[in-house]
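Construct the entire structure; sequences and hints are all you get.
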Amino acid sequence: YKEKVLWKKDEVDFGQFHQNMAWSADGKKLAYSKYHFGINQSMVYDIKVYDTESEKHRWLTKSLRATYPVWLDSNTIAFVAHHNNVSNIYTLDITGEEPKLLTNFMDNTQIAYLSVSPDQGSIAFAMNPKNANMDIYTLNVESGDLKQITTEPMADIGPVWHPDGTAISYTSNANGVPNIHTINLSTGNATVNTDAGDGIWSHQWMPNDSLILASSLGDVDSVRLVKVNPFRKPDTKPLSLRDNYTSWLKAGPNVAFVNEKSDSLPEISNPQKYKFTKHMRPFITFLLPAPSPFGMASWTDALGRNTFTTIGYLNPSDIKLSGILLDYTTANYGPLWTVYYSHNMDGAFRRYNKANMIDIKDGLSLALTHPMNFGESPSSNHNLSLRASFINHNITVGNKTDKKTGELIPLDTSQYVNLPIP
106 YKEKVLWKKD EVDFGQFHQN MAWSADGKKL AYSKYHFGIN QSMVYDIKVY
156 DTESEKHRWL TKSLRATYPV WLDSNTIAFV AHHNNVSNIY TLDITGEEPK
206 LLTNFMDNTQ IAYLSVSPDQ GSIAFAMNPK NANMDIYTLN VESGDLKQIT
256 TEPMADIGPV WHPDGTAISY TSNANGVPNI HTINLSTGNA TVNTDAGDGI
306 WSHQWMPNDS LILASSLGDV DSVRLVKVNP FRKPDTKPLS LRDNYTSWLK
356 AGPNVAFVNE KSDSLPEISN PQKYKFTKHM RPFITFLLPA PSPFGMASWT
406 DALGRNTFTT IGYLNPSDIK LSGILLDYTT ANYGPLWTVY YSHNMDGAFR
456 RYNKANMIDI KDGLSLALTH PMNFGESPSS NHNLSLRASF INHNITVGNK
506 TDKKTGELIP LDTSQYVNLP IP
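With positions in the sequence shown counted from 1, the corresponding number in my numbering is that position plus 105.
It should be emphasised that the hints constitute simulated quantities derived from the structure, not laboratory data. Using N, Cα and C, we set each Cβ at its ideal position, and we do this for glycine too. Among the hints, erroneous ones may be present.
To be verified - Below, in silico cross-link-like pairs of lysine to aspartate or glutamate (DMTMM-like), each with a Cα-Cα straight-line distance of 20 Å or less: (1) Lys133 <-> Asp178; (2) Lys466 <-> Asp432; (3) Lys167 <-> Asp118; (4) Lys252 <-> Asp212; (5) Lys161 <-> Asp131; (6) Lys235 <-> Glu257; (7) Lys139 <-> Glu203; (8) Lys252 <-> Asp224; (9) Lys139 <-> Glu160; (10) Lys383 <-> Asp314; (11) Lys378 <-> Asp406; (12) Lys167 <-> Glu203; (13) Lys332 <-> Asp303; (14) Lys161 <-> Asp212; (15) Lys109 <-> Asp326; (16) Lys332 <-> Asp348; (17) Lys139 <-> Glu108; (18) Lys509 <-> Asp423; (19) Lys161 <-> Asp115.
Claimed, not checked - Here are the in silico distance ranges between beta carbons for each label pair: (20) Gly452 <-> Thr157: 31 to 41 Å; (21) Arg347 <-> Gln377: 57 to 67 Å; (22) Lys459 <-> Lys383: 31 to 41 Å; (23) Ser374 <-> Gly409: 16 to 26 Å; (24) Gly409 <-> Leu318: 40 to 50 Å; (25) Leu473 <-> Asp224: 55 to 65 Å; (26) Asn180 <-> Gly357: 40 to 50 Å; (27) Thr415 <-> Ser374: 30 to 40 Å.
Following this line, the structure appears as structure tokens:
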């Protein structure tokens, strides 16, 4: 039996957060990345800092798509920011300075998992440069010297510095499953520390200990934290199978054509400007045939920026009492522009002159809608709308209905006593 640990928890912020957070060396500040509305209403990650003494948090970056914050000293952080699919490392003095570039990659580069050396002079991280192979690198903060540490064809991530700065433990996919490896920075020799079949991921050096804090593969409702000795060597045995069960190792489809050179070049058409009218497709269609036929149909283009909708019903006893609504909405020009025409479809009901009043509004309407968010929460949404309508009101006031048609029988003009005839 293992006693269940009840953690004491205090909420300091709420929302959607990036998985990597960092405490300052004095334990008074927490740097983290939060998902929020940035410039032009885009959803991005930015860095915030929480001060345990003032019990307040504030933004440090604005629309930088910033993640993986780490502390270089008590007032300076480093983090990864993304621009046009290119990652770079920045430093920032939290007292109020603007972010400064520490790297200046121009090609398609992805950086993740920053880790600061014990002397705070270097940063280890996982980088996927133009060759698309993710390895561990170190960067000297002062000189900017970049050094590749691992060269494994499979992805290496999650570097963790050893307290003496002589080695780095990391998570490698060298054998097809994430496991922890350790590399000696002086010799370049790497050793395998774990051989977990379900995978294990490195996170940090254990405080006041000589072990690595790692996590197992999450299952239905939990994930397990484990401590790993960075100097252990697993006693993995070679895979042993009977000959009758090894045919699958060489089995597979005939893919010889993959390496064959084609006799002809593929025909590539010239790029053309997108026209939504050429890419319309049905979105919603349904029909209720009886007793009075009612139907709806909607079409949208491939980008979902233009929508045509029609709704209508048929009155078999009197065609003039049938209704139709035509709607077109486009997002091609910033806000949502809508134009729609309605006949016998837009109605309102209220009590008037001690009777029932039905107001059928027929005509054309133009609408402009712009969604905005004025808060930190993605649910703090608002719509700014502007509408102009050119309509004709068909108003009927009465208490009785025609038994044959079901229409409201209008009041006689003499029955309007306290209110005017609408």
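Range agreement (Cβ of Gly409 with Cβ of Ser374, hint 16 to 26 Å): Given range 16 to 26 Å: holds, Cβ gap about 24 Å.
Kindly confirm whether 57 to 67 Å is satisfied by the beta carbon distance between Arg347 and Gln377. 59 Å, holds
Pair hint outcome, Lys139 versus Glu108 [Cα-Cα no greater than 20 Å]: Violated, at roughly 33 Å.
20 Å Cα cutoff - pair Lys161, Asp131: 17 Å, holds
Holds or violated: Lys139 with Glu203, Cα cutoff 20 Å? 19 Å, holds
Pairwise hint evaluation, Asp326 against Lys109, where the allowed Cα distance is 20 Å at most: Since the Cα atoms of Lys109 and Asp326 sit roughly 15 Å apart, the hinted pair holds (cutoff 20 Å).
Given hint Asp115 paired with Lys161 - CA-CA distance at most 20 Å: 13 Å, holds
Does Glu203 lie within 20 Å of Lys167 when you go C-alpha to C-alpha? 11 Å, holds
Satisfaction of hint between Glu160 and Lys139, Cα-Cα up to 20 Å: Holds - the C-alpha atoms of Glu160 and Lys139 are around 17 Å apart, at most 20 Å.
Check the following: the C-beta atoms of Lys459 and Lys383 are separated by a distance inside 31 to 41 Å. 57 Å, violated
Hey, Lys252 versus Asp212, does the alpha-carbon distance stay inside 20 Å? 18 Å, holds
Take a quick look at whether Lys383 and Asp314 sit within 20 Å of each other, Cα to Cα. 65 Å, violated
When held up to the earlier numbered hints, the structure conflicts with 10, 14, 16, 17, 20, 22, 26 and fits the remainder.
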